[in-house]
Amino acid sequence: MATPQTEVSELLNRKYDAGFYTDIEQDQAPPGLSEDIIRLISRKKDEPEWMLQWRLRAFERWQKMAEPEWAHVHYPPIDYQALCYYSAPKSRTDAPKSLDEVDPKLLETYEKLGIPLEEQKMLAGVAVDVVFDSVSVHTTFKEKLAAAGVIFCSFSEAVREHPDLVRKYLGSVVPQGDNYFAALNSAVFSDGSFVYIPPNTRCPMELSTYFRINAMNTGQFERTLVIADAGSYVSYLEGCTAPQRDENQLHAAVVELVALDDAEIKYSTVQNWYPGDEEGRGGIYNFVTKRGDCRGRNSKISWTQVETGSAITWKYPSCVLKGENSVGEFYSVAVTHHRQQADTGTKMIHLGRNTRSTIISKGISAGRGQNAYRGLVRIAKSAENARNYTQCDSLLMGSECGAHTFPYVEVRNASAKVEHEASTSKISEDQLFYLRSRGIGNEDAVNLIVNGFCKEVFKELPMEFAVEAQKLLNITLEGAVG
Amino acid sequence: MLRIENLHAEIDGKPILRGLNLTIGKGEVHAIMGPNGSGKSTLSYLIAGRPGYTVTEGSITWNGKDLLALEPEERAGEGVFLAFQYPVEIPGVNNVYMLRAAVNGIRKYRGEAEISAVDFLNLVKTRTREIGLKESLLNRPVNQGFSGGEKKRNEVFQMSILEPSLAILDETDSGLDIDALRIVADGVNRLRSPDRAFMVVTHYQRLLDYIVPDHVHVLADGRIVKSGPRELALELEAKGYDWLLEDAA
Chain A
0 MATPQTEVSE
10 LLNRKYDAGF
20 YTDIEQDQAP
30 PGLSEDIIRL
40 ISRKKDEPEW
50 MLQWRLRAFE
60 RWQKMAEPEW
70 AHVHYPPIDY
80 QALCYYSAPK
90 SRTDAPKSLD
100 EVDPKLLETY
110 EKLGIPLEEQ
120 KMLAGVAVDV
130 VFDSVSVHTT
140 FKEKLAAAGV
150 IFCSFSEAVR
160 EHPDLVRKYL
170 GSVVPQGDNY
180 FAALNSAVFS
190 DGSFVYIPPN
200 TRCPMELSTY
210 FRINAMNTGQ
220 FERTLVIADA
230 GSYVSYLEGC
240 TAPQRDENQL
250 HAAVVELVAL
260 DDAEIKYSTV
270 QNWYPGDEEG
280 RGGIYNFVTK
290 RGDCRGRNSK
300 ISWTQVETGS
310 AITWKYPSCV
320 LKGENSVGEF
330 YSVAVTHHRQ
340 QADTGTKMIH
350 LGRNTRSTII
360 SKGISAGRGQ
370 NAYRGLVRIA
380 KSAENARNYT
390 QCDSLLMGSE
400 CGAHTFPYVE
410 VRNASAKVEH
420 EASTSKISED
430 QLFYLRSRGI
440 GNEDAVNLIV
450 NGFCKEVFKE
460 LPMEFAVEAQ
470 KLLNITLEGA
480 VG
Chain B
0 MLRIENLHAE
10 IDGKPILRGL
20 NLTIGKGEVH
30 AIMGPNGSGK
40 STLSYLIAGR
50 PGYTVTEGSI
60 TWNGKDLLAL
70 EPEERAGEGV
80 FLAFQYPVEI
90 PGVNNVYMLR
100 AAVNGIRKYR
110 GEAEISAVDF
120 LNLVKTRTRE
130 IGLKESLLNR
140 PVNQGFSGGE
150 KKRNEVFQMS
160 ILEPSLAILD
170 ETDSGLDIDA
180 LRIVADGVNR
190 LRSPDRAFMV
200 VTHYQRLLDY
210 IVPDHVHVLA
220 DGRIVKSGPR
230 ELALELEAKG
240 YDWLLEDAA
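Chains as they are written, first to last, in numbering that gives the first Met the number 0: chain A, 0 to 481; chain B, 0 to 248.
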C-alpha cells in the first residue's frame, strides 16, 4: 500500500511544489485556508455580510475539529494548507490542451457511453472554450419551471436572489459543526444548486438534464439545498454517468433536503468521479455529507445512489424522520474495483410516531476494492410504532477484494419493529457456466448477474438513468472476472 | 457427428474418465446409463465445457470441430446444449431476458443478425405452449423459486428455444413424478429430428419408456463397458449393473 499512498500525496502536493503562486487579480487564491481566504471567497462571490459571517463561524468550528478516522478507508494525511480553496472558474494551468492529452482509458469509456465529442472535452476538463449548446435548453427549462413557481438556480444566485429562504434553511439539516468535512464545506463552499418547490406543486420535470449541464463548474466544495414545501413533489438527479475528471482531489460536498407536510423528495445520484488508475493513483476523495429532514407530517425522502467512481467514498445519505408518518428510503449500489475504497451507508433517525424507513444496500467489490456498508437505525423514545427494514447484500468478484458490514441499531421504544437481513455472495462458477453454456459470453454473463444483483436499486432510478447506470456498471466492472 | 475418442479426464488429480469412446450420429438418440459415480455427469460437463476438469488424453469432436479447444459459449454457438441435472438459480436475472441474450449470443457467434423482439416473443409464446411451461415463470428470475419439475421443464423450454443440434440431457428425469416426466419427455420427443443428436444420461430405464433411444451405453468406472439396442436398458433394469462391473473388472 505504501507506494500508491505516497503517489497520491505527491499528487496532492504537486500544485504547491510547482510553485502555484498567486495573484489575487488573476482570481486564484494562494493555497491554504485562513480567515482571509474565506473573506476573499465571499467577496469574489459578491456575498452579503450574513453569508460571510456564516462561513466564518463554520471556519471557527472547523479549526477546533479533528478529521474523522473511524471509516474503513485508508489514505495518507491530507495537508489542508496545501490545498487551494478558490479558483475561478477553474485552474487551467494543469488542464489538458486537447483530448490527445487525456487518459485514453477515460476516452474509451466516453466512447462506450456514447458521449458527444464536445461534451467529452468538457468532462475531461480540456482547456478550450467549449461551445456548448446549452443556452436554449436552459431557457426552456427556466420558463417551464418559473411557470410552476419552482426556484431552481445556483447556490450563489439563491444567496443573492432568495436570501430569506436560504437563511431560513441553510444549515438547518446539516449544521455547520456537524462533522469535519461539513464544517470545511460550510466555510469554503464554492457553489451548488438551490431548489424550492412551492406548496402543492409537483415539479413539472425531473431536475436532471439541466443539472448535468449546469453542474460542471460547481467545484470541489459543492453545496445543495432542496426545499419541498407542503404537499409538493420533486425528483432531483445529481451527477452524470460519464466519469468526470477534476484537478481537485478532495471533494467535500454537503446536501440538505427539507420536506414539509405531505411533501416528497426523490434524490438520485450517479457518482462517477475519476477513480484513479488501476493502482489507485490520482483518484478523487469524495467525502460527502447528505441528509434529509422529513420535517412535516406524511413527508417522504428517498435517496437512491449508484456509486462507481472516486478513489475513496465516504458518505451516508440520511433521513431524520421527525414528522408523524414520515418515510425515509435509501437505495444504494456501491462498486469498488481496482484500489477503490468505499465506506457508505445511511442513517435513519426515527423521532416521530409511525415513521417508516427502508434500506436496500448492494455492495460490489472487485479487484482489490474495499467496500463497507455502515448504517445506523435509531428509534427514539418518541417514535411510537416505528418500523425499519434493512437489507444489505455484498457481492464479491475475485479473491483480493473485501466486503464489510457495520450495522448499528439503537432502539429506545419497545413498539419498534426493526428487521435486518444481510448476505454476502460470490459470483458462482456454477452461475457463470450455466449462462455461458447457453451461449452468453463471459463478460455478458457477469453483467447479467451483477445487474440482477442490483435490480432492486436500479428500479428506483428514473427510467432513462437506470439504463445508463446499468451500462456504467458494466463498464466499471470490465475484466473483473476471468 | 459427435466423436469421443479415448477420453481421459480428471478433477483435482482424481481420474474420472479412463479411455471413453463414443460416437453419436446425426438424428440419433443415445442413452448413457450407469451406476452412481461412474462419470456420467462428468461426461456431460466435458462436452459442454465446464471449467475445472483436466483432459489428460483423448478428444471430443463435433462435426469435425475440436470442442475441447472452445469456450462453453462457443460450443453453444456450435449447437451444443446441456440440460442440467441441477439448474442453478440466478437471482434478479429475468428468465426470458436471459434467453434472449443467449439466442443473440449464439447468433452473433454464427455471424447472424440479432433476433427481432417480435420474432423472439412469438417463438417464446409457441414454445411455452408446446412445453407446457407456466407463463408466470417466463418473467421470473432464472430458476428462482421454481419447483424441481418446473426447473426441468424450464431446461427443456430453453432447449426448444435454442434449437441445438446436439442436446445433452443430464438426468433430466431425476426428481420428477410420473406426470412431469411424461410432459418433459413429450417436449424432448417433439424436438427429435433427423438433424438433431441426443445424448440422454439417466440412472433409470423409466425415462427410456418415454424417450426411446436408438442405442444404450453403460458407463462404468470411466469407460463404456457395454453398448446395445434399446432392450439393453430393460436387461439392466432386471439385472442391475453388478454383472457388467464384474465383467469389466
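For the record, the hints were derived by calculation from the structure and aren't laboratory data. A virtual CB, placed ideally from N, CA and C, is assigned to each residue, including glycine. Treat the hints with care, since some could be wrong.
DSS-like cross-link-like pairs, simulated, lysine-lysine; straight-line CA separation at most 27 Å [to be verified]:
hint, chain 1, residue 1, chain 2, residue 2
1, A, LYS454, A, LYS416
2, A, LYS454, B, LYS25
3, B, LYS133, A, LYS454
4, B, LYS13, A, LYS470
5, A, LYS425, A, LYS470
Only some residues are given here: those of chain A computed to face chain B with a beta carbon under 7 Å [as the list claims (entries may be wrong)]:
hint, residue
6, VAL72
7, PRO76
8, ASP429
9, GLN430
10, PHE432
11, TYR433
12, ARG435
13, SER436
14, GLY440
15, LEU447
16, GLY451
17, PHE452
18, LYS454
Hint-by-hint comparison with the structure:
no. : hint                : in the structure
1   : A/LYS454 - A/LYS416 : holds (26 Å)
2   : A/LYS454 - B/LYS25  : violated (42 Å)
3   : B/LYS133 - A/LYS454 : holds (23 Å)
4   : B/LYS13 - A/LYS470  : violated (42 Å)
5   : A/LYS425 - A/LYS470 : holds (21 Å)
6   : VAL72               : violated (28 Å)
7   : PRO76               : violated (41 Å)
8   : ASP429              : holds (5 Å)
9   : GLN430              : holds (5 Å)
10  : PHE432              : holds (5 Å)
11  : TYR433              : holds (5 Å)
12  : ARG435              : holds (4 Å)
13  : SER436              : holds (5 Å)
14  : GLY440              : holds (5 Å)
15  : LEU447              : holds (5 Å)
16  : GLY451              : holds (3 Å)
17  : PHE452              : holds (6 Å)
18  : LYS454              : holds (4 Å)
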